[in-house]
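**Student:** Residues per chain, in single letters:
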Amino acid sequence: MSEAILSNETKGLINKNVIIEAKNLSVAFEAHTVLKNVDLFVEKGETLVLIGPSGQGKTVLLKTLAGLIEPTAGTLSLYHKQWRGLPENEKIKILDKMGMLFQKNALFDSLSCGENIAFPLREKTQKSELEIQEIVDYFLESVGIIHAKNLYPEEISGGMQKRLGIARALALMPELIFYDDPTAGLDPITSKKIIELILELKKKNNATVIAITNDMNRAYQMADRIAMVYQQNLIITGNVEETKKHSNPAVHQFIKGELLGPLNSSFENL
Amino acid sequence: MTTIYRDVYSFLELVKKTVMSLFLKPLRVKETFQQLYFVANGSLWIIVFCVCFAAVVTILESSFHMKLVIQNDSMVPGFASLLILRELGAVVTALLLTSRVGAGIAAEVGSMKVTEQIDALRMLGIDPIQFLLIPRLIATTLGCMILCVVANLICIFAAMIISDQVLGYTPSMFLTAMNRFVQFRDLIFSVVKAMFFGMTIPMISCFFGFRCKSGADGVGSATTQSVVFASISIIFLDFILSYTFSYFY
Chain A
0 MSEAILSNET KGLINKNVII EAKNLSVAFE AHTVLKNVDL FVEKGETLVL
50 IGPSGQGKTV LLKTLAGLIE PTAGTLSLYH KQWRGLPENE KIKILDKMGM
100 LFQKNALFDS LSCGENIAFP LREKTQKSEL EIQEIVDYFL ESVGIIHAKN
150 LYPEEISGGM QKRLGIARAL ALMPELIFYD DPTAGLDPIT SKKIIELILE
200 LKKKNNATVI AITNDMNRAY QMADRIAMVY QQNLIITGNV EETKKHSNPA
250 VHQFIKGELL GPLNSSFENL
Chain B
3 MTTIYRDVYS FLELVKKTVM SLFLKPLRVK ETFQQLYFVA NGSLWIIVFC
53 VCFAAVVTIL ESSFHMKLVI QNDSMVPGFA SLLILRELGA VVTALLLTSR
103 VGAGIAAEVG SMKVTEQIDA LRMLGIDPIQ FLLIPRLIAT TLGCMILCVV
153 ANLICIFAAM IISDQVLGYT PSMFLTAMNR FVQFRDLIFS VVKAMFFGMT
203 IPMISCFFGF RCKSGADGVG SATTQSVVFA SISIIFLDFI LSYTFSYFY
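Residue numbers (this note's numbering), protein chains in the order written: chain A, 0 to 269; chain B, 3 to 251.
Hints are computed from structural coordinates only; laboratory data are not their basis. We put the CB at the ideal spot given by N, CA and C, even for glycine. Some clues are possibly wrong.
[Claimed, not checked] As a list, the in silico BS3-like pairs of lysine-lysine whose alpha-carbon atoms are at most 30 angstroms apart:
1) A/LYS35 - B/LYS215
2) B/LYS18 - A/LYS80
3) A/LYS90 - B/LYS18
4) A/LYS243 - A/LYS35
5) A/LYS90 - B/LYS19
6) B/LYS27 - B/LYS215
7) B/LYS32 - A/LYS90
8) A/LYS126 - B/LYS32
9) A/LYS123 - B/LYS32
10) A/LYS92 - A/LYS22
11) B/LYS27 - A/LYS92
12) A/LYS96 - B/LYS32
13) A/LYS22 - A/LYS80
14) B/LYS19 - A/LYS96
15) B/LYS19 - A/LYS103
16) A/LYS22 - A/LYS35
17) B/LYS18 - A/LYS123
18) A/LYS96 - B/LYS18
19) A/LYS92 - B/LYS18
20) A/LYS103 - B/LYS32
21) A/LYS123 - B/LYS19
22) A/LYS96 - B/LYS27
23) A/LYS202 - A/LYS148
[Unchecked claim] Just a few of them, taken from the derived set where beta-carbon distance is under 8 angstroms, the chain B residues facing chain A:
24) GLN119
25) ALA122
26) ARG124
27) LEU126
28) GLY127
29) ILE128
In isolation and in its complexed conformation, chain A is listed as follows (with noise of 0.2 angstroms):
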């Protein structure tokens, strides 16, 4: 739907709730450039889901929504808040509202599975130490790994290690939170009680997701909204049933996982 036709009274209505909102968004590393004229809003409470061939910079535009990559170009608003610029302790309070889970987990290796968990609450409240261990429990019991509170991540299955990222990037109770690919790696059943999971936190906490996943049919199980990241843009697909009878060849060929079709020169030049 454009802008355009809106009326400023809707226009009004949705930027109130706009929390993440990114203009003509532009990164590059070096000569490459990965991103280009990103324009992208997520509104308070939806689910955005990114999908995309793998090397297309999802991950990029992940980090660069989260504030971790430095847009090279555009502007990019986050609670309302010009990024670039803003002071500090400003930026901090804005991170203090979010949470993430990385691709790689990036568990703390020299902490136990308890104490990953317990790290963000130490260090950015202050709960006490028991209420810190109930906090703790509480997380691991949710997502089902309580018998491995005092294993260290390289101890525990990488299933288990997905289960534990999630945990810790909603310890904090985060209002907005960024899944890196939740399920990759994952068999069909542990993914599928993961994203229930990720869900019912999600409902529990009122929270904003933005999550990544190739995997269509977890895609459609958590989607409100579906974005596809190619040739350094973003198509925005719309909600599921849009989605699936989208008229761009390349969504089409994408969300089917067909081989003939515009991607293939894109995995070409991969």
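Position chain B relative to chain A; hints supplied.
**Tutor:** This is chain B only, laid out in the frame that chain A set:
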């Protein structure tokens, strides 16, 4: 050439941020003491072992050459003491810390970068410089200064023993000769050198760790580069500081 300028600029940026963090943000005391224990206690015996042999070589080589040139090695105790205090104690300690502590810091920070742990810290609003670099900077600086004093004492003691056993200069003769050559400020300058070396090691190691590239050789390459650049920097700094201190004599 542009890359070199960019790298130097990035390093200076890191130094600037570190100095600002050092004075503007609270110190992580527990982590600093943990690092100090790792640096000082963990490196002590390696340094003691190495400086003992450095002392032996210094005494034997000085004696051999002095006998060859002036047919007399009576100046060896004083001369060796001076060399130990002005150069050996600080430089050998720093180079050993570079290979033991510096390599460890680069590998640890590098693997944290590759596995996105540094991003995870930033996501929690924790400054990686304050969390990782500052405790290591303070610990390595203090550790290098303490170890330098210990290394100087052990090295002089080893030189005294070897002078007695091989050259026939008794400990009292050695100390008398040393007293004639060495001044207290030599020890002070040695500790000042150690302070600069101690600051250089974690700065360079963290610099290469923070920009570690992913992939199989990313961490290895960051570690190697950090050891090479830190060693070169120590040698270069030693020249600058020795030249500067020469104005005080």
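**Student:** Indicate, hint by hint, whether the structure satisfies it.
**Tutor:** Do the hints match the structure? See the list:
Simply put, A/LYS35 and B/LYS215 have alpha-carbon atoms about 24 angstroms apart, close enough for the 30 angstroms limit, and the pair holds. Restraint check: the Cα-Cα separation between B/LYS18 and A/LYS80 comes to about 27 angstroms, which is no more than 30 angstroms; the hinted pair holds. Under the criterion of a C-alpha separation no larger than 30 angstroms, the hint pairing A/LYS90 with B/LYS18 is consistent with the structure, at around 20 angstroms. For a cut-off of 30 angstroms, the pair hint linking A/LYS243 to A/LYS35 stands: about 25 angstroms separates their Cα positions.
With a C-alpha separation of about 17 angstroms, the suggested pairing of A/LYS90 with B/LYS19 holds against the 30 angstroms cut-off. Our distance criterion of 30 angstroms between C-alpha atoms is met by B/LYS27 and B/LYS215, whose separation comes to about 28 angstroms. Distance hint between B/LYS32 and A/LYS90 is fulfilled; the C-alpha atoms sit about 26 angstroms from each other, no more than 30 angstroms. In summary, the hint linking A/LYS126 to B/LYS32 is supported, as the alpha carbons are separated by about 19 angstroms, within the 30 angstroms threshold.
Taken as a hint, the A/LYS123 and B/LYS32 pair is honoured in the structure, with Cα atoms around 17 angstroms apart against an allowance of 30 angstroms. A distance of roughly 22 angstroms separates the Cα atoms of A/LYS92 and A/LYS22; the hinted pair therefore holds under the 30 angstroms criterion. Between the alpha carbons of B/LYS27 and A/LYS92 the distance comes to roughly 16 angstroms, so the proposed pair stays at or under 30 angstroms and holds. In summary, the hint linking A/LYS96 to B/LYS32 is supported, as the alpha carbons are separated by about 27 angstroms, within the 30 angstroms threshold.
With a C-alpha separation of about 13 angstroms, the suggested pair A/LYS22 and A/LYS80 falls inside the 30 angstroms cut-off, and the hint holds. Restraint check: the Cα-Cα separation between B/LYS19 and A/LYS96 comes to about 25 angstroms, which is no more than 30 angstroms; the hinted pair holds. Proposed proximity of B/LYS19 and A/LYS103 is supported: the alpha carbons are some 28 angstroms apart, at most 30 angstroms. With a CA separation close to 10 angstroms, the supplied pair A/LYS22 and A/LYS35 stays within the 30 angstroms bound.
A threshold of 30 angstroms between alpha carbons decides the hint, and for B/LYS18 with A/LYS123 the separation of about 26 angstroms falls inside it, so the pair holds. Between the alpha carbons of A/LYS96 and B/LYS18 the distance comes to roughly 29 angstroms, so the proposed pair stays at or under 30 angstroms and holds. Restraint check: the Cα-Cα separation between A/LYS92 and B/LYS18 comes to about 24 angstroms, which is no more than 30 angstroms; the hinted pair holds. For the hint pairing A/LYS103 with B/LYS32, the CA-to-CA distance comes to about 28 angstroms; that is within 30 angstroms, so the pair holds.
With a C-alpha separation of about 22 angstroms, the suggested pair A/LYS123 and B/LYS19 falls inside the 30 angstroms cut-off, and the hint holds. Between the alpha carbons of A/LYS96 and B/LYS27 the distance comes to roughly 22 angstroms, so the proposed pair stays at or under 30 angstroms and holds. A threshold of 30 angstroms between alpha carbons decides the hint, and for A/LYS202 with A/LYS148 the separation of about 25 angstroms falls inside it, so the pair holds. Here the hint on B/GLN119 is kept, as its CB sits about 5 angstroms from the closest CB of chain A, short of 8 angstroms.
Hint on B/ALA122 holds. Least Cβ distance to chain A is approximately 4 angstroms, under the 8 angstroms limit. With 8 angstroms as the threshold, the beta carbon of B/ARG124 comes within range of chain A, its nearest partner Cβ sitting at about 6 angstroms, so the hint holds. Hint status for B/LEU126: holds, given a least beta-carbon distance of 5 angstroms to chain A, under 8 angstroms. The closest approach between the C-beta of B/GLY127 and any C-beta of chain A is roughly 4 angstroms, which is under the 8 angstroms cut-off, so the hint is satisfied.
At about 6 angstroms, the closest approach between the beta carbon of B/ILE128 and any beta carbon in chain A falls short of 8 angstroms, and the interface hint on this residue holds.
In summary, the structure agrees with every hint in the numbered list given earlier.
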